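S.K.: Here is how the chains run, residue by residue.
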Amino acid sequence: AQTVTQSQPEMSVQEAETVTLSCTYDTSESDYYLFWYKQPPSRQMILVIRQEAYKQQNATENRFSVNFQKAAKSFSLKISDSQLGDAAMYFCAYRSPDITFGTGTRLTIIP
Amino acid sequence: GAVVSQHPSWVICKSGTSVKIECRSLDFQATTMFWYRQFPKQSLMLMATSNEGSKATYEQGVEKDKFLINHASLTLSTLTVTSAHPEDSSFYICSAIPGLARNNEQFFGPGTRLTVL
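Protein sequence lines, in the order shown, are assigned to chains A and B. Reading the first sequence from the start, the letters are residues 21 to 131 in the working numbering. Reading the second sequence from the start, the letters are residues 3 to 119 in the working numbering.
Incorrect hints may appear among the rest.
What the hints assert, rightly or not - Cross-link-like lysine to any residue pairs, in silico, SDA-like; alpha carbons within 20 Å at most:
#	chain 1	residue 1	chain 2	residue 2
1	B	Lys57	A	Asp118
2	B	Lys43	A	Pro61
3	B	Lys43	A	Pro29
4	B	Lys43	A	Gln64
5	A	Lys75	B	Glu107
6	B	Lys43	A	Thr128
7	B	Lys68	B	His87
8	B	Lys43	A	Thr123
9	B	Lys43	A	Arg126
10	B	Lys43	A	Ile129
Said to hold, decoys possible - Here are some chain B residues the structure puts well away from chain A; computed CB gaps all over 10 Å:
#	residue
11	Lys16
12	Phe30
13	Gln31
14	Ser45
15	Gly63
16	Leu76
17	Thr80
18	Gln108
19	Leu119
Hints were generated in silico from the structure; no laboratory data involved. This one's a predicted model, so the numbers in the text were calculated from it and none came from an experiment. Positions of the beta carbon are idealized from the N, C-alpha and C atoms, including for glycine.
Given these sequences and hints, build the entire structure.
M.R.: Written out as structure tokens, the structure reads:
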């Protein structure tokens, strides 16, 4: 079974600064997808960014980017210019084809 | 993006009663829907995979007779918690995938908070 590990239960960052959330996973497959989801206090799961394992180029979405290291099975999320609205639980997820979520990282933005 | 709705958003029921939660894909057809359970400050735990027109596939440790899933159409899946007890109190989230492609994005419903008294 695949496992997804988020080693940082909580993180905080000053507004406008940059923060990186860590995620590692374990799999024997070569074709899979990785995701970062955001869950704000409303508890609605929101897709932040996704990465196809066959793509070497790191995905980016505006202020959000990933550092995908396939050999190391690492998939970290970098949030640049942090905003108050970024405060949420962030879940890393692996999919092939069923999805497995990590335990989550609670991100606090300090004004 | 595509929209998935859940109804009700919250429900309170007495112990021993049954509760039905609906999950609908509003603007796409979903061959596959998923049901998750989330305890406070924890991650989402997959309960079962719901396939239209066939029996749901339950994860290990999830009682299929307790959590009845029906995926009667390409836009609707229901989860019925039968003979609910206080330990069933939780946040239940459904998600749906448009079409069959593995890389299709999974869209989540807003969740249903169940409280069993």
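S.K.: Run every hint past the structure and note whether it holds.
M.R.: Here's how the hints hold up against the structure:
no.	hint	in the structure
1	B/Lys57 x A/Asp118	holds (17 Å)
2	B/Lys43 x A/Pro61	holds (11 Å)
3	B/Lys43 x A/Pro29	holds (10 Å)
4	B/Lys43 x A/Gln64	holds (14 Å)
5	A/Lys75 x B/Glu107	holds (17 Å)
6	B/Lys43 x A/Thr128	holds (14 Å)
7	B/Lys68 x B/His87	holds (10 Å)
8	B/Lys43 x A/Thr123	holds (9 Å)
9	B/Lys43 x A/Arg126	holds (9 Å)
10	B/Lys43 x A/Ile129	holds (18 Å)
11	Lys16	holds (24 Å)
12	Phe30	holds (15 Å)
13	Gln31	holds (18 Å)
14	Ser45	violated (5 Å)
15	Gly63	holds (13 Å)
16	Leu76	holds (18 Å)
17	Thr80	holds (20 Å)
18	Gln108	violated (6 Å)
19	Leu119	holds (21 Å)
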